[in-house]
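*Asks:* Given next are the chains, with one letter for each unit.
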Amino acid sequence: MYTQAMDTGPKEERKAIRSAEEAELERRFDARIDDAGFIEAKDWMPEHYRRTLVRQISQHAHSEIVGMLPEGNWVTRAPTLKRKCILLAKIQDEGGHGLYLYAAAETLGVSRDELLDALHSGKAKYSSIFNYPTLTWADIGVIGWLVDGAAIMNQVPLTRCSYAPYARAMVRICREESFHQRQGFDALNVMMREGTDAQRAMVQDAVNRWWWPSLMMFGPPDAESTHSAQSARWGIKRISNDDLRQKFVDATVQQAQVLGVTVPDPLLKWSEERGHFDYGPIDWAEFWRVVGGNGPCNRERLAARVKAWDDGAWVRDAALAHARKQAIKKEAA
Amino acid sequence: MTTSSIAVSNSLHVRYILRLADTCLIHAQRLGEWCGHGPVLEEDIALTNLSLDLLGQARALLTHAGALDGQGHDEDRLAFLRDERDYLNLTLVEQPMRRDSAHSPGGDFADAVVRNLLVAAWLRLHWQRLVESHDGELAAIAAKSLKEARYHVEHAAQWAVRLGDGTEESARRMRAALEKAWIYVPELFADDDADAHAAAAGLGPRRSALRDAWREQISAVLAEARLAMPADGPWVSTGSRGVHSEHMGFILAEMQFLQRSHPEGRW
Amino acid sequence: MSNETHRNEWPLWEVFVRPKAGLDHKHCGSLHAPDATMAVQMAREVYTRRQEGCSVWVVPSSAITASDPGDKDMLFDPMEDKVYRHPTFYELPDEVNHM
Numbered sequence: 001m002y003t004q005a006m007d008t009g010p011k012e013e014r015k016a017i018r019s020a021e022e023a024e025l026e027r028r029f030d031a032r033i034d035d036a037g038f039i040e041a042k043d044w045m046p047e048h049y050r051r052t053l054v055r056q057i058s059q060h061a062h063s064e065i066v067g068m069l070p071e072g073n074w075v076t077r078a079p080t081l082k083r084k085c086i087l088l089a090k091i092q093d094e095g096g097h098g099l100y101l102y103a104a105a106e107t108l109g110v111s112r113d114e115l116l117d118a119l120h121s122g123k124a125k126y127s128s129i130f131n132y133p134t135l136t137w138a139d140i141g142v143i144g145w146l147v148d149g150a151a152i153m154n155q156v157p158l159t160r161c162s163y164a165p166y167a168r169a170m171v172r173i174c175r176e177e178s179f180h181q182r183q184g185f186d187a188l189n190v191m192m193r194e195g196t197d198a199q200r201a202m203v204q205d206a207v208n209r210w211w212w213p214s215l216m217m218f219g220p221p222d223a224e225s226t227h228s229a230q231s232a233r234w235g236i237k238r239i240s241n242d243d244l245r246q247k248f249v250d251a252t253v254q255q256a257q258v259l260g261v262t263v264p265d266p267l268l269k270w271s272e273e274r275g276h277f278d279y280g281p282i283d284w285a286e287f288w289r290v291v292g293g294n295g296p297c298n299r300e301r302l303a304a305r306v307k308a309w310d311d312g313a314w315v316r317d318a319a320l321a322h323a324r325k326q327a328i329k330k331e332a333a
Numbered sequence: 334m335t336t337s338s339i340a341v342s343n344s345l346h347v348r349y350i351l352r353l354a355d356t357c358l359i360h361a362q363r364l365g366e367w368c369g370h371g372p373v374l375e376e377d378i379a380l381t382n383l384s385l386d387l388l389g390q391a392r393a394l395l396t397h398a399g400a401l402d403g404q405g406h407d408e409d410r411l412a413f414l415r416d417e418r419d420y421l422n423l424t425l426v427e428q429p430m431r432r433d434s435a436h437s438p439g440g441d442f443a444d445a446v447v448r449n450l451l452v453a454a455w456l457r458l459h460w461q462r463l464v465e466s467h468d469g470e471l472a473a474i475a476a477k478s479l480k481e482a483r484y485h486v487e488h489a490a491q492w493a494v495r496l497g498d499g500t501e502e503s504a505r506r507m508r509a510a511l512e513k514a515w516i517y518v519p520e521l522f523a524d525d526d527a528d529a530h531a532a533a534a535g536l537g538p539r540r541s542a543l544r545d546a547w548r549e550q551i552s553a554v555l556a557e558a559r560l561a562m563p564a565d566g567p568w569v570s571t572g573s574r575g576v577h578s579e580h581m582g583f584i585l586a587e588m589q590f591l592q593r594s595h596p597e598g599r600w
Numbered sequence: 601m602s603n604e605t606h607r608n609e610w611p612l613w614e615v616f617v618r619p620k621a622g623l624d625h626k627h628c629g630s631l632h633a634p635d636a637t638m639a640v641q642m643a644r645e646v647y648t649r650r651q652e653g654c655s656v657w658v659v660p661s662s663a664i665t666a667s668d669p670g671d672k673d674m675l676f677d678p679m680e681d682k683v684y685r686h687p688t689f690y691e692l693p694d695e696v697n698h699m
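Residue numbers (this note's numbering), protein chains in the order written: chain A, 1 to 333; chain B, 334 to 600; chain C, 601 to 699.
Don't read these hints as lab results, they were simulated from the structure.
For glycine and all other residues, C-beta sits at the position ideal for the given N, C-alpha and C.
A portion of the hints provided could be inaccurate.
Claimed, not checked - With a straight-line Cα cutoff of 20 Å, these simulated EDC-like cross-link-like pairs (lysine to aspartate or glutamate) come out:
1. A:325 x C:668
2. A:82 x B:597
3. A:82 x B:481
4. A:329 x B:501
5. A:125 x A:224
6. C:626 x A:40
7. A:330 x C:652
8. A:307 x B:526
9. A:325 x B:498
10. A:82 x B:587
11. C:626 x A:21
12. A:307 x B:433
13. A:325 x B:501
14. A:329 x B:524
15. A:82 x B:409
16. A:325 x B:557
17. A:329 x A:311
18. A:325 x C:652
19. A:325 x B:481
What the hints assert, rightly or not - Ranges of calculated distance between the beta carbons of each label pair, as one might list FRET restraints:
20. B:336 x A:330: 57 to 67 Å
21. A:160 x B:338: 53 to 63 Å
22. A:293 x B:569: 50 to 60 Å
23. C:627 x A:50: 20 to 30 Å
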């Protein structure tokens, strides 16, 4: 569904180049990147490049999986059978996206179980947007419109990421993602145009609660982003946080006008000279608080994932045990 | 402001279809609880596909039942606005699957697998015969649903074998799940007026006519899974007559709440 | 990370899908499954929900042998100068150029 363009890993230290051979490999690697070439799984790559990608791809994967929860919340309460089907299909896609991303990360020499372990122990991050609660049905529409909208904006540039398995996963994901945003917008549009006053108020309330967290999805301001320069050099990050965020605001404000909802930002104003919308200050204290584990739903989200995993251990073990028994039988035959 | 329940006619033809529709609907509702909570990502996706298939079947059947009923009720009015007593699903599909319900603790994945196996086999036997129904629309729905049902049975059977013949723990859980579910099995084959009418009118099979084939199929899977088939108990549950278990009220309260609280709502 | 956890991990399978009759199977990703039967079923769930395929192959990832990217020059560059293998190398009279 999206990736939070933020890298809060420890500052990596560049190891001293060990040999002339390694220096040559690195030179060729850099040249290929500069030439807009692709790096595949078995190609030589700097250790730092590998680690950065494992962290970014797995964070992205974790976000998809955790992202299934706030929407999963409303499956049993969807207001029509059609909306129930749409929501199930969307959440299922998100599970699938997580799966493609774990698969891409695994090409870098790490196993899915290791990555899940990092998530469940609290070591790995996932996008903070999913630490907010889904309080009404309108939240589901707004998530599709704003959160998936922001995700798409983050994700399209990644289809040209230098690491090809990640780029290919992103192509698959982007193809499926536009349905996610469209269904959300459609759900809101029906409520706004044909619905009751109570429904319209529900939509506006959801917009009020999800607008600012959606802007935070693009990560901290460029000036404060520690790893952007290196990621840009390596063809992993192609557009800056602030540029993506501005693009998002420009597109979304117009969509809000079509819907007939008000963006909860009194400072939002078109700037003729910049050719963009000016918008109000983001509460970065809230962002860091939520990223740091103190959002409304952090504990619940993680607990739900840990429980699902722990409760499923006997299932996974049984399937493996059965497979091993069958293999032994086959050998003996 | 809330919406009053709608009334549905007593036509036996309609009731026969609603029994199938509601069984698919409520089974899908329980399966939907697993979305985001499955034992492994691949299976999470698979369970959701099952739910989507069943919802598709429910929608087609409800739309048809509404048309036959002739009061202008569409799939949503029927799904969301009937009184509990007018839902005709098997009691089996109301039972807790993942989450706690009423006074009962939640179930586990073994409950899901057993439920899927028993219900999918029951549905598939229906679809196989319903392709010949004198009700042309029902026959068409059956033809489409049969393809899906084949996969549902296959999927459930594969899991039943892996869990039944996996580890000590998985076998224990499967045995427990079978014992719990079997209480509701007699109802799967207990005829009522709608069954009598269906047989007489060439609409579809009586439930009792499916019993032997069903037992044979389930036996085969359980044997491969090294699990014993429980004995039928003396009690016949009555969800298909509208008198449900304590769990149905909670399912409906959750499912119906938005429609009930926004009577003129558009979604 | 304990070895214990990973001894119990489901093996990784590579998935190939034939989009429609007449075309080749194309690699589309991987998934974890306990055995081949489940791998095929899961591949269908994960990779063909939008009617992307009529046939699925699954192969344990460990069974795949790949050429070493370091040998790319040795294995693939010699193809470069054997252009007589390509139809466009041959200039034919217009009357028979559709060949």
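*Asks:* Run every hint past the structure and note whether it holds.
*Replies:* Consistency of the hints with the structure:
At most 20 Å may separate the alpha-carbon atoms for a hinted pair to count; residue 325 (chain A) and residue 668 (chain C) exceed this at roughly 35 Å. Between residue 82 (chain A) and residue 597 (chain B), the direct Cα distance comes to roughly 17 Å. Compliance with the 20 Å bound is thereby established for this hinted pair. As the CA atoms of residue 82 (chain A) and residue 481 (chain B) are separated by approximately 19 Å, the hinted pair is consistent with the 20 Å bound. For the hint pairing residue 329 (chain A) with residue 501 (chain B), the CA-to-CA distance comes to about 19 Å; that is within 20 Å, so the pair holds.
Taking the CA atoms of residue 125 (chain A) and residue 224 (chain A), the gap is about 18 Å. The hint holds against a cut of 20 Å. Pair hint residue 626 (chain C) plus residue 40 (chain A) holds up; C-alpha atoms about 17 Å apart against a cutoff of 20 Å. Pair hint residue 330 (chain A) plus residue 652 (chain C) does not hold up; C-alpha atoms about 34 Å apart against a cutoff of 20 Å. For the hint linking residue 307 (chain A) to residue 526 (chain B), the alpha-carbon distance of about 45 Å lies beyond 20 Å, and the restraint is violated.
The hinted pair formed by residue 325 (chain A) and residue 498 (chain B) meets the criterion: a straight-line CA distance of about 9 Å does not exceed 20 Å. Simply put, residue 82 (chain A) and residue 587 (chain B) have alpha-carbon atoms about 17 Å apart, close enough for the 20 Å limit, and the pair holds. A distance of roughly 36 Å separates the Cα atoms of residue 626 (chain C) and residue 21 (chain A); the hinted pair therefore is violated under the 20 Å criterion. Proposed proximity of residue 307 (chain A) and residue 433 (chain B) is supported: the alpha carbons are some 14 Å apart, at most 20 Å.
Restraint check: the Cα-Cα separation between residue 325 (chain A) and residue 501 (chain B) comes to about 13 Å, which is no more than 20 Å; the hinted pair holds. Under the criterion of a C-alpha separation no larger than 20 Å, the hint pairing residue 329 (chain A) with residue 524 (chain B) is inconsistent with the structure, at around 45 Å. The straight-line distance between the Cα atoms of residue 82 (chain A) and residue 409 (chain B) is roughly 9 Å, inside the 20 Å bound, and the hint therefore holds. Between residue 325 (chain A) and residue 557 (chain B), the direct Cα distance comes to roughly 13 Å. Compliance with the 20 Å bound is thereby established for this hinted pair.
For the suggested pair residue 329 (chain A) and residue 311 (chain A), the alpha carbons sit about 29 Å apart, so the restraint of at most 20 Å is broken. For the hint pairing residue 325 (chain A) with residue 652 (chain C), the CA-to-CA distance comes to about 34 Å; that exceeds 20 Å, so the pair is violated. The straight-line distance between the Cα atoms of residue 325 (chain A) and residue 481 (chain B) is roughly 30 Å, outside the 20 Å bound, and the hint therefore fails. Residue 336 (chain B) and residue 330 (chain A) have their C-beta atoms about 60 Å apart, which keeps the hinted 57 to 67 Å range intact.
Look at residue 160 (chain A) against residue 338 (chain B): about 56 Å separates their beta carbons, and that is inside 53 to 63 Å. With their beta carbons about 53 Å apart, residue 293 (chain A) and residue 569 (chain B) fall inside the hinted range of 50 to 60 Å. Distance hint check: the CB atoms of residue 627 (chain C) and residue 50 (chain A) are about 22 Å apart, consistent with the given range 20 to 30 Å.
Hints 1, 7, 8, 11, 14, 17, 18, 19, counting from the list given before, are not met by this structure.
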